[in-house]
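Number of protein chains: 2
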Amino acid sequence: MAARKKTPGKTGGAPGKKGTAIKKAVKRANTPGERRVHASDAETVREITTTAERVHDSIAKGGRPDLALPVRALSNVSYDEKRGYLEIGKQRKVRTLSVNTVKSFAQTLRLMSLSKELVEGNDFATKREAYYISKNWDDAKFDDQVESDATMDDIEALFSVSSINREQLRFYAEEHSGSVSGPLIVVDRDNTGRVARIDCTNFGSGSYSVPNSVEELDFETSADFVLLIETGGMFQRLQSHRFWERSNCILVDMGGVPTRSVRRFVRRLSDEFNLPVYAFVDCDPYGIANIYRTLKVGSGSAAHVNKFFCVPKAHFLGVTPQDIVDYELPTHELKDVDVKRAKDALKNDPFFKGHPRWRSALEQLIEMGVRAEQQALAMWGLNYVIDEYLPRKLENPSQFLP
Amino acid sequence: MAARKKTPGKTGGAPGKKGTAIKKAVKRANTPGERRVHASDAETVREITTTAERVHDSIAKGGRPDLALPVRALSNVSYDEKRGYLEIGKQRKVRTLSVNTVKSFAQTLRLMSLSKELVEGNDFATKREAYYISKNWDDAKFDDQVESDATMDDIEALFSVSSINREQLRFYAEEHSGSVSGPLIVVDRDNTGRVARIDCTNFGSGSYSVPNSVEELDFETSADFVLLIETGGMFQRLQSHRFWERSNCILVDMGGVPTRSVRRFVRRLSDEFNLPVYAFVDCDPYGIANIYRTLKVGSGSAAHVNKFFCVPKAHFLGVTPQDIVDYELPTHELKDVDVKRAKDALKNDPFFKGHPRWRSALEQLIEMGVRAEQQALAMWGLNYVIDEYLPRKLENPSQFLP
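So the sequence lines, in the order shown, correspond to chains R and C. For the working numbering, count along the first sequence from 1 and bump the result up by 19. For the working numbering, count along the second sequence from 1 and bump the result up by 19.
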C-alpha cells in the first residue's frame, strides 16, 4: 500500500498467531437473571406514583412537601477500585415547596407525570420534545430547553436510588450512538413487539447503530473481546478489513466520548459474556481523561447513574504516551487547555489519583508536551495498524493501562 | 398521550386514507445501465495515469507543466431549473509549476499517486489518514490537514470533468452519514466481495446507517416515496412508530446538512425507482438555505460534483413559514445571523432567485422574525406529527415548496 520506506524502531517480529481467530460456538448469556438490574415498567410507574402521593399527602395535611435530590458534583463522588466506578455519595439537596420554588416544583411533577404516561403508553419523548410539550402547560411552561433538561436530570437523580434511569423514564437524548461490527447477534423488538435478529457481521460496507435504549436487547456472540475505537475513520478501516474476523472481536465505534447507550451496551456484553474490553483512543488528555475515564468509571456530573453506565472491566490498549516514542508517531503540540485538563485529572480526579500507572503516564505526556492521534499510525502505511500495531499489542493485554 | 387541551386552528378533518399503505410488489431498478454514471476503477486509474504522463512529458521536454482547475465559488455557478442543480461554469484557474508552486505541485501529484494505489489495492484512506501518510514523504509533507484537504478538493475538481469523484479516488470523509428505515433492501458487498442483503424494515428499535460510498450498492424497494428528516429525534419518533409502514415510504435521517453519501443514496433511489422525495426540516434560514438547498441543488463550494450529489426531484414538505401560523407553533426569535443568511439567499443564491414561491416564503419568515423547529409540533401531543400533520400534508404534495 502506501509509502513505507521508514519503519518505526520496534517493528521487528511478526505477532504470534494466537488462537483468537478460531471460531467458537455461539455463546448466549448464561446469567439472564443478572441482566435485569433495572426496574421494570411496573416498578417505574409505582415509584412515580409513590413519590407523587407523598407530595400530595403532605400538601393535603397542610405541610410543605419536599424532594431530596443527590448532589451531583465531583465533591460528592468517590472511587473504589473494587466497586469499579465513580460512586455518588450521601450528600442531598432538599427542594422544599415555597413561593420561590413553586414553578420548578410544579414542572418537576408535570414531567414526572409525563414520564408515567410515556411508560404506560409504551412511548418515549426526546429531551427536546419534552421541552415543547410543556408549551401546552398553562403556568409550568419551560422557558428554554436548558431548564427542562436540568429538571429531567433532577428527576433521574431522584429515582436513581430505586435503580431507575432516564431511559426507563422514557426520556431519550437525540445523539447518534456508536456503530458495531463483528460476531454478534442483537435480538431486538420494535414497538409492536416484532422480533428482529440483527447479525453484525452482515452489513456489507456499513455497520449496526446502537439504539438509544439498550436494556431490552438480547445478545448472542462468539467473540473473545470487545475493541472500542475513538474515531469513525479508524473504525472504518478495521471494519472494512474485517479485523473483527481476524481477531474474533466485536468492534465498537465510540465517536468521541461514548454515549450512555454505548457504555451500557458494552457493559452488558462485558458482564453477561465475561468479555474483556479494550479501548483504542487518541493519546491526548481528552482521549484519556474524558473518553476513556468516562467509559471505564463514568462521569462526575452523572455519578448517580455510573453504576450502570460504565465499563469497569475496560483497559487502555493505546495510544499510550510511550507509543508516541516507540512508534515515532507524528504529533501535535499540547495546547494550554490540554495541559490544564491533564493537571486537573492528576489533582482532582479520584480515578487517576487511585492509579499510579496512570499518574506516571499523564506526567510523561505533560513532560513530552505533545499529543498523537490514533490515525497517526497511518504514517507507516494505512494498514500498519492492522498488520503490526494491534496484533503486537493484543499479545500482551496485561500491559494495558488500567 | 400528552396533554392536548388546545389544538391548532386547522386541525379539523381526518386525512383521507390514501392508497399509500397498500403493499406493492418489490420493484427492482429497471434501468440498471443508468446507474453507473460514474467512471469505473479502470477508468479512474487511466485518468490519473494520463494526467501524470502529461505532466511528465511536459517536464521531459523542458516545459513548465500546469494543471487547470475549475473555479469553485458561487460566482462560477449557474442554476437552470431544467438541469436541476447548481452547475459549475467554465472559469478555470491554471496552476503552473514554478519555484513558488513546486511543493504544492509535488503534493498534488503524490496524492494522485496514493489514489492510484488505493484503487488498485481496493482500499481507501480517510482524509485524516491521507494527511498522516504524507509524513513519510520527504519534502512533500503537508503541514496540517487543512492543506491536504484542500489539495484533495483540487484533485477532485480536476477529475470531475471526467465524472470521477472523491469517493472513487478512494478518499473518504469521517462523518457519520444518515440512518434509514422502511421498505428497502440494500444489497451491499464488503471488501472480500461477500454479499449482504440488508432489510431496512428489520432493525428493531434501530436503523440502517448509510455507508461512506454508496455507488456500488443495489436496491430493491416497494416504497411510494422517500421522506428526509432533519433531526435524529423526529426520525426516532417516525421510525419507532413505523410511519414507514403506514405511509409506505423510506425514512432517512439527514442529521443536519445531508452528507454527500446521503444525497447520493437518495438520488439513486429517486432516479432508479422514480420515487418522489420530500424534505421535512426545521423552519429557519439554516434549514431552508443550507439543509434543503444543498439537498436539492447541491452547494456552491462543491459545484463540480453537484451533478451527482444532489436530489433535484426533492420538494419541501415543511415546516413552512405558513405552518408556524397555521399550527400556532412555539417559536424562537430569529438571530442576526439567521436574518443575514436569509437575506444572502434572496440576494445571491441562484436557486432562490429562480423560485418566486421560495422568495415569498423567505420574505415572510424575515417579516415574522421567528423560527420554529419540527419538534415544536410536539406541543400538540407527541404523535400529532404522525396522526395529523404529516397525513394532511401528504394529501397535497403539489402544495409543497419547490
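Derived by calculation from the structure, the hints in this document are not laboratory data. Just so it is clear, the structure is predicted and the values come from calculations on it, not from any experiment. Don't take every hint at face value.
For chains that are exact copies, the list does not tell them apart, and a pair is met inside one copy or across any two.
[To be verified] In the DSS-like style, the derived pairs of lysine-lysine whose C-alpha atoms are separated by at most 25 Å in a straight line are:
#, residue 1, residue 2
1, 80, 412
2, 80, 366
3, 412, 112
4, 112, 326
5, 332, 46
6, 109, 354
7, 160, 354
8, 412, 154
9, 109, 46
10, 154, 112
11, 359, 372
12, 359, 146
13, 135, 122
14, 146, 354
15, 80, 372
16, 359, 80
Status of each hint after checking the structure:
With identical chains, the CA atoms of residue 80 and residue 412 are never at most 25 Å apart, being 66 Å at best within one copy and 51 Å at best between copies. Taking identical chains as interchangeable, the C-alpha atoms of residue 80 and residue 366 are never at most 25 Å apart, the minima being 49 Å within one chain and 66 Å between chains. Taking the closest pair of Cα atoms, residue 412 and residue 112 never come within 25 Å of each other, the shortest separation being 47 Å inside a single copy and 48 Å across copies. Taking the shortest alpha-carbon separations for residue 112 and residue 326, only the intra-copy value of 21 Å comes in at or below 25 Å, while the best inter-copy value is 60 Å.
Taking the shortest Cα distances, residue 332 and residue 46 sit within 25 Å of each other inside one copy (19 Å), while across copies they are farther apart (48 Å). Taking the shortest alpha-carbon separations for residue 109 and residue 354, neither the intra-copy value of 37 Å nor the inter-copy value of 44 Å comes in at or below 25 Å. In the homo-oligomer, the alpha carbons of residue 160 and residue 354 lie at most 25 Å apart only across protomers (22 Å), although the nearest pairing inside one protomer, at 42 Å, exceeds that limit. For the homomeric pair residue 412 and residue 154, the shortest alpha-carbon distance between copies (23 Å) is at most 25 Å, but the shortest distance inside one copy (54 Å) is not.
Taking the shortest alpha-carbon separations for residue 109 and residue 46, neither the intra-copy value of 40 Å nor the inter-copy value of 61 Å comes in at or below 25 Å. Neither within a single protomer nor between protomers do residue 154 and residue 112 lie at most 25 Å apart by alpha-carbon distance, with minima of 28 Å and 54 Å respectively. When the C-alpha separation of residue 359 and residue 372 is checked against a cutoff of 25 Å, the pair qualifies only within one copy, where the shortest distance is 16 Å, while the shortest distance between copies is 50 Å. Taking identical chains as interchangeable, the C-alpha atoms of residue 359 and residue 146 are never at most 25 Å apart, the minima being 32 Å within one chain and 29 Å between chains.
Proximity of residue 135 and residue 122 under a CA criterion of 25 Å is satisfied intra-copy only: 20 Å inside one chain copy versus 65 Å between copies. For the identical chains of this complex, residue 146 and residue 354 are inter-copy neighbours only, at 23 Å across copies versus 34 Å inside a copy, given an alpha-carbon limit of 25 Å. Taking the closest pair of Cα atoms, residue 80 and residue 372 never come within 25 Å of each other, the shortest separation being 49 Å inside a single copy and 67 Å across copies. Proximity of residue 359 and residue 80 under a CA criterion of 25 Å is satisfied in neither setting, with 53 Å inside one chain copy and 57 Å between copies.
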